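Colleague: Here is what each chain is made of, one letter per residue.
2 protein chains.
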Amino acid sequence: MQFYLDGFRGGDPDIKNASPRRRDMSEHAPLPEKVDVLIAGTGPAGLCLAAQLSQFPEIETMIVERDPRNINKGKADGINIRTMEMFQAFGIAETIKRESYWVNQTSFWMPDPKKPENIKRIGRVQDVADDSSEMPHILINQARLHQLFLNVMANSPARLAPDYSWSVKDVQIDTSIDDYPVTVTLEDTGVDWGQTRKVRAKYVVGCDGARSNVRRAIGGKLNGDTAHQAWGVMDILANTDFPDVRQKCLITSAREGNILILPREGGYLFRMYVELEKLREDERVAERGFDEADMIAAANRIMNPYTVDVKEVVWWSIYEIGHRITDRFDDVPESEAVTRTPRVFTAGDACHTHSPKAGQGMNVSMQDAFNLGWKLAHVLQGRCSPSLLHSYSAERWVEAKRLVETDHAWARIMSAPPGQSELDDGDEPRFVRAFKENLEFTGGLAVKYDQSKLIGAPTHQALAAGQVIGKRFHSAPVVRVSDAKQMQLGHVALADGRWRIFAFAGRDHEPIYQLAEWMEQNENSPVMKNIRPEECADALIDLRVVFQETFDQLTYEEMPSQLKPKKGKLGLQDHEKVFCVDHKGQGDIYEMRAINRVDGCTIIVRPDQYVANVLPLADWDSLARFFEEIYG
Amino acid sequence: MQFYLDGFRGGDPDIKNASPRRRDMSEHAPLPEKVDVLIAGTGPAGLCLAAQLSQFPEIETMIVERDPRNINKGKADGINIRTMEMFQAFGIAETIKRESYWVNQTSFWMPDPKKPENIKRIGRVQDVADDSSEMPHILINQARLHQLFLNVMANSPARLAPDYSWSVKDVQIDTSIDDYPVTVTLEDTGVDWGQTRKVRAKYVVGCDGARSNVRRAIGGKLNGDTAHQAWGVMDILANTDFPDVRQKCLITSAREGNILILPREGGYLFRMYVELEKLREDERVAERGFDEADMIAAANRIMNPYTVDVKEVVWWSIYEIGHRITDRFDDVPESEAVTRTPRVFTAGDACHTHSPKAGQGMNVSMQDAFNLGWKLAHVLQGRCSPSLLHSYSAERWVEAKRLVETDHAWARIMSAPPGQSELDDGDEPRFVRAFKENLEFTGGLAVKYDQSKLIGAPTHQALAAGQVIGKRFHSAPVVRVSDAKQMQLGHVALADGRWRIFAFAGRDHEPIYQLAEWMEQNENSPVMKNIRPEECADALIDLRVVFQETFDQLTYEEMPSQLKPKKGKLGLQDHEKVFCVDHKGQGDIYEMRAINRVDGCTIIVRPDQYVANVLPLADWDSLARFFEEIYG
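Protein chains in written order, with my numbering: chain A, 1 to 632; chain B, 1 to 632.
What the hints contain is simulated information worked out from the structure, not anything from laboratory work. Accuracy of the hints is not assured; some may be wrong.
Each pair may be met inside one copy or between any two copies, as identical chains are not told apart.
Unchecked claim - Derived lysine to any residue pairs resembling SDA-like cross-links, with alpha carbons at most 20 Å apart: (1) K566 <-> P243; (2) K453 <-> E399; (3) K567 <-> N239; (4) K566 <-> R498; (5) K97 <-> D14; (6) K115 <-> N300; (7) K16 <-> M1; (8) K198 <-> L31; (9) K566 <-> Q514; (10) K471 <-> V398; (11) K566 <-> N239; (12) K569 <-> V310.
Here the structure is a predicted model, which is why all the values come from computation and not from measurement.
Could you put together the complete structure from these sequences and hints?
Modeller: Okay, here's the thing in structure tokens:
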């Protein structure tokens, strides 16, 4: 963590200095008449976006929620490794790691071939493959996750907090004006129930769930199927003789259906997804009157010979599996994409819904928001053309579509009764194989954005084969040269809307020094072209360099001043720009990520942590051109 | 972290449920007339003790401070690895690790033999030796550390907060009564300045610094010398061409004196200790009128050819080195030790003072408090005789004495001008050698309590040669069997006043199962003898077992129910009692700590994390006797 740049200030360093022009959020203060961004809904997508935008004090964000307060329990609980990497950038990963359940092993149970009425463990799989991420796959109460985002917002310069008890009733876009063209009708769901208020916004983002009014207002519809399969979910405190109750388990019984066990935070709580009976084609879940007693009974039947003695049902719900998606995630039909730019977006369940059992819905929702956040910020800051915003729906729709399809296939496998072949000890059962094949996907690591203005062609991919253009930047261990601290290189990326350029030195150091000098001094460099007089040189593009030696083989004093840039009000040297290879057995980043040792390379990483391009160190033209296409 | 034992409750799990009988701490609420423990002073010792006692809702603790609020900056800044291990038990280590500067390397600079007016790096030493602790040596603003302890107190069942603007003026002990025998006169240092109030207490702990009124009241005097050497200290934001400014540095110039550089949290701030001129025998520091400008000038002379361009002096102070200690840390002279037990204690600077440059003072102060805390708690809970309290002064005085002596020697070495031999490149200079030799000591790991009721004879030490009886329990990597989580075994020890028994299995598992059964069921076991009807079985003694297999070689279902004890209101199974050897290359705890693989052993660890005894697994008698001597 870096702080005190503009002088010492005591206290919690996560609390940023408040912006003097922030909105008055005290009780009975009026709602604003105009905001830059209005977000509907305080689920994971809405809160993630609000947390991101709150980092920019010049952007006024409003986030409304129909409920009177944060939820307390229930809903989703799985955070995949990709989302944990994002949380690291928001500064909340350590807290979550400390409080949450870590999914280390997934255990598979099937009917015992010798006694099919009993289940039997058929195998275990390490849930996070070695070196797929430095982060664990975790499970935690969604309400707690909300709270951590709320803390990030509260600690931000904007001191942002939700406006609770307001629901978005309608959204109107006046395409003829450019200034606050969106009018949002808010409905009071609190003490003045039913009263409405209008707020004008430059942009509106609907994170208001599967029944999104924002989606409806822009003519979006969720298309897809429901599987006509009722599942129950319950969070319980219970005792059992089932030995793997503290591991994630997929349990298939011979005749009684399936269970998914997800241990949870705190060491005692766990979640069970229990398959209930198939629905008829025309039947809705609510009509069947299933309740938690049915679930507990089903669990005991499925888990035979083990029993579950439930002491407290913390939360339960019954639902049908649905996999649905809208045609687009913004208000601009393809036919109008050249003539106007988006003003209204949807994210999360408002535009795509999933089975909860692959643990993807909440993760993808937050990744939607993380994709959109920096783009909105840069447009509102006037750094780039609003046409950048087309890329949100373009990038995220493809991913959501892929997700819905994979999720659909997985849900079918999960719900299928075990075939005879699966009971055979010799072969790996189909659902274990499918589970393993899906690990990259369920970890959130399969996302790969297509080539675009924001994602370069793979011309020079071979210079860093382990950092795939279009996929997320894959962190690895390094040592910070100035203080010899072992750390993860990826952890220098904060959720601050900045691009990172990681320049990996080849055998020779000179090209790195020249790149650094060009970046800082040449008027055509993306740094010089985009920086504003009041800003630090790294305000938009943060250059970090990595050497292939170990720290004791390097002489920090010989590094040029551009690698110790002077920043902030006091013009203080930043000593956290230079890294090298770990000297204590944590692994060599060059080897781990297949970086070309002879020539090195430049890796451009987007503010949302995706690899935008890999270039030769000396290819300044391509570097300049890449940013020019986005920022002009 | 374990939580939800008595049922689900949302929110921050660090916030414990409030005790219904906690003191009313609202504004203008009266001071209590009687308390169990009154602590004078909110420095590191006082806050550590208060944080510890606040975990016991049945104990009423009051902590007073003459200042009106927590400090903001300045004072000490070094946290050694031993203290970090203790912070782990208080749940604040992760936060501190994230925010603080990590001392990875210490760098040594001396006059360049070829050009003695210039300094030159002569070497570096890895500051925390491999496997000396899983914790880093860190530097952080003392005020922030105070705040983290205040948070622990605020989140405790007692919701404890200091009574600011009250200073302890006098302490009177009435040895003729047993009920609240100590009367404390408090003086208002706030709005009603000078007014006094009396509070009666069962125990009083003076953590009120070198000029302690509590020490004075019990007739204690700090004895020792001052070195007549003025040192300046300043926390600064500054630029420099000195390359090691982000490493801890010991710098000796040929003629201008010495400097110690300590980089600090946030990446920009650093501390400098600057040697100023020698004082005359009869001279006091204040008379010389040194100020921060003198320090900056001296720093620039000493660090020649490098320069320091100071942008902001955050804090500075000038002091003399003093190494002093009182004769005893409680109110009972040795001659009366058999007839009465202590009622008043001193801790930290109130009973021993040090040079700040070995970074020990604050650490030892907190370790004083951690030693005393659980003893006070168990006496106040009525678990054991007040005679236990004699052990505080006995154990801590010896350590403080050793510290004062080592620190004294080190300060002399630090202040000595470099001899000609030290300029020779061939030999390791004396102060580098001394620094290395002192690493175990400065890390806080050299503390070894003498044999006593609380520390067993080393009869069976050979069963676990790497867990030295009398020294702190040395953590190592393990895997929790129920959920295959990789973790540090030492991290199961919380600051909750509980003893831990780590039972390491030999080749055969049976002795472990028998021990667990005996502990839970036999009326002579220390668990059964000491447990109260309303308590969980592990309320005083927490049994954890370790197997030498890896998790996938063990069958958790075969472990007896005693290793999955049912606890709390709901009688929920605790699945965090069984551990095994790490399977992913983090090291084998049996090998790392020289545990006997054939026979295994039992290691008794005190609530303050010190190894009290090592016993054969089957030696139940000795185990029973050990606890009997303390708890009867």
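Colleague: Tell me, which hint numbers fail for this structure?
Modeller: none
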